[in-house]
Amino acid sequence: MKVPADIREALTALMAEYAMGIDDNRLEDWVELFDEACDYKVVMRENVEQNLPNVLMWCDNKNMLRDRVESYRHVNLYNLHYDRHVLGPLRFTGHDGALWRFDVSYSLFQTELEGASRLFSVGRYRVEALVTDGAARLKSVTVIADTGLIPSLLATPI
Amino acid sequence: MKVPADIREALTALMAEYAMGIDDNRLEDWVELFDEACDYKVVMRENVEQNLPNVLMWCDNKNMLRDRVESYRHVNLYNLHYDRHVLGPLRFTGHDGALWRFDVSYSLFQTELEGASRLFSVGRYRVEALVTDGAARLKSVTVIADTGLIPSLLATPI
Amino acid sequence: MKVPADIREALTALMAEYAMGIDDNRLEDWVELFDEACDYKVVMRENVEQNLPNVLMWCDNKNMLRDRVESYRHVNLYNLHYDRHVLGPLRFTGHDGALWRFDVSYSLFQTELEGASRLFSVGRYRVEALVTDGAARLKSVTVIADTGLIPSLLATPI
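Heads up: the protein sequence lines correspond to chains A, B and C, in order. Counting along the first sequence from 1, when you hit position 122 you're at 122 in the working numbering, and nothing is skipped either side. Counting along the second sequence from 1, when you hit position 154 you're at 312 in the working numbering, and nothing is skipped either side. Counting along the third sequence from 1, when you hit position 124 you're at 440 in the working numbering, and nothing is skipped either side.
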């Protein structure tokens, strides 16, 4: 589909902020990329394709995201690993006015403090984002993970 | 080289469709990204650099691609793994009128149904694509794989 | 931050050249992406976050980069592995006139001549680049590697 250049750029930049916010352990900045009325979910691809309702993590508004990051900060006094996201190009699937829908594939690597890196998860983000006056913010992010993941309250977002 | 913004965007979007078509197992959609007179090849980088002619897979028109996908559908009733492509930025190398040439690096991960993901292949696409009236279609895709690959009639495209 | 479309494209294209110059073993072309007065450094993320001064490799002008590539050519008559970089989208962090600052996440895979590929390093580039009259060149590249790396005079750049 045809997408205006400024929209494509604003949303590509938004996803770069998303990834680097997590990778830099600036989770509070990451939360600020979301709209107050937002939805963040982590699901397994297998469940999505079988229409099973299991979700590994679900925050259905921004305060829940804030709480989650705050809990994470209290439990993890030290960062136990480094995250590194590498994202592919955006694939736009539609829009309702200023609300744009797109998918982005991700690879996520983790590095332990000893310096060994490994593939942690691959999958895609299914995103809905608002672009108004050139500013972009996330309305809905569904992480659809190909890789099997263990639900954990202590984990950083994906 | 200088490439008009709309061309760069149309071709970046085309490669996002390419990757997600395979990753979603929408291989019929993937075929539709190609022109009727097209060429799709998978070769090993080692052979390319030594000017050896071995190809692991070759379809020199769109009907061959259609046949290949149909064969794959008959043999594989169930999808045995998930593919996940993460592509880098396009590097343009030239053009003849509306026919653009570029290279794109890829990483391709596979996830088994038990949920374990692994690196399957890395390499580059060498692409020729037509952009006319804002619509882009693939004329030629050569997958130059760094990773050693075993030729297989049953495999999904890369 | 807002970045003009032509700047974003010129710098995305510059990083594609950077990555493919190394991956194609065109290291002399890679050097030519830098300004004469330039700086190239490889550091560990752990050291950066602890403000430790260790650097694994440092060239503080273009002639040092040229020397380094020439040394590499004399020692390595044959290429012992293939590199493959997959880069994510650019995250712009500021600019002084025509000097733009941005970060880019990378994944770097290496393939041995037998054809086995593995994850070699992940991390980010912290870049300063000049864009004048549509031409972009690198002023400063700091590779901040998440993955532990062993300093080596014989290694290709990252």
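What the hints contain is simulated information worked out from the structure, not anything from laboratory work. No residue lacks a Cβ here, since even glycine has one placed at the ideal position from N, Cα and C. Watch out, some of these pointers could steer you wrong.
As the list claims (entries may be wrong) - Straight-line Cα separation of at most 25 Å, DMTMM-like style, residue types lysine to aspartate or glutamate; simulated pairs:
#1 C:K318 x A:D6
#2 A:K41 x B:E272
#3 B:K160 x B:D254
#4 C:K318 x B:D182
#5 B:K297 x B:E186
#6 C:K318 x A:E28
#7 C:K455 x A:E114
#8 C:K357 x A:E114
#9 C:K318 x C:E430
#10 B:K160 x C:E430
#11 B:K199 x C:D340
#12 B:K199 x C:E430
#13 C:K318 x A:E128
#14 A:K2 x B:E194
#15 C:K378 x C:D355
#16 A:K2 x A:E28
#17 B:K297 x B:E272
#18 A:K2 x B:D182
#19 C:K455 x C:D355
#20 A:K2 x C:D322
#21 A:K62 x A:E114
#22 B:K199 x B:D182
#23 A:K139 x A:E49
#24 B:K160 x C:D351
#25 B:K297 x B:E204
Stated by the list, open to error - Covered, in the sense of this in silico footprint (three residues per stretch, anywhere, with C-beta under 8 Å from a C-beta of chain B), are these stretches of chain A:
#26 19-26
#27 62-75
To test your reading of the hints: which numbers does this structure violate?
Hints 4, 7, 9, 10, 16, 17, 21, 26, 27 not satisfied by this model.
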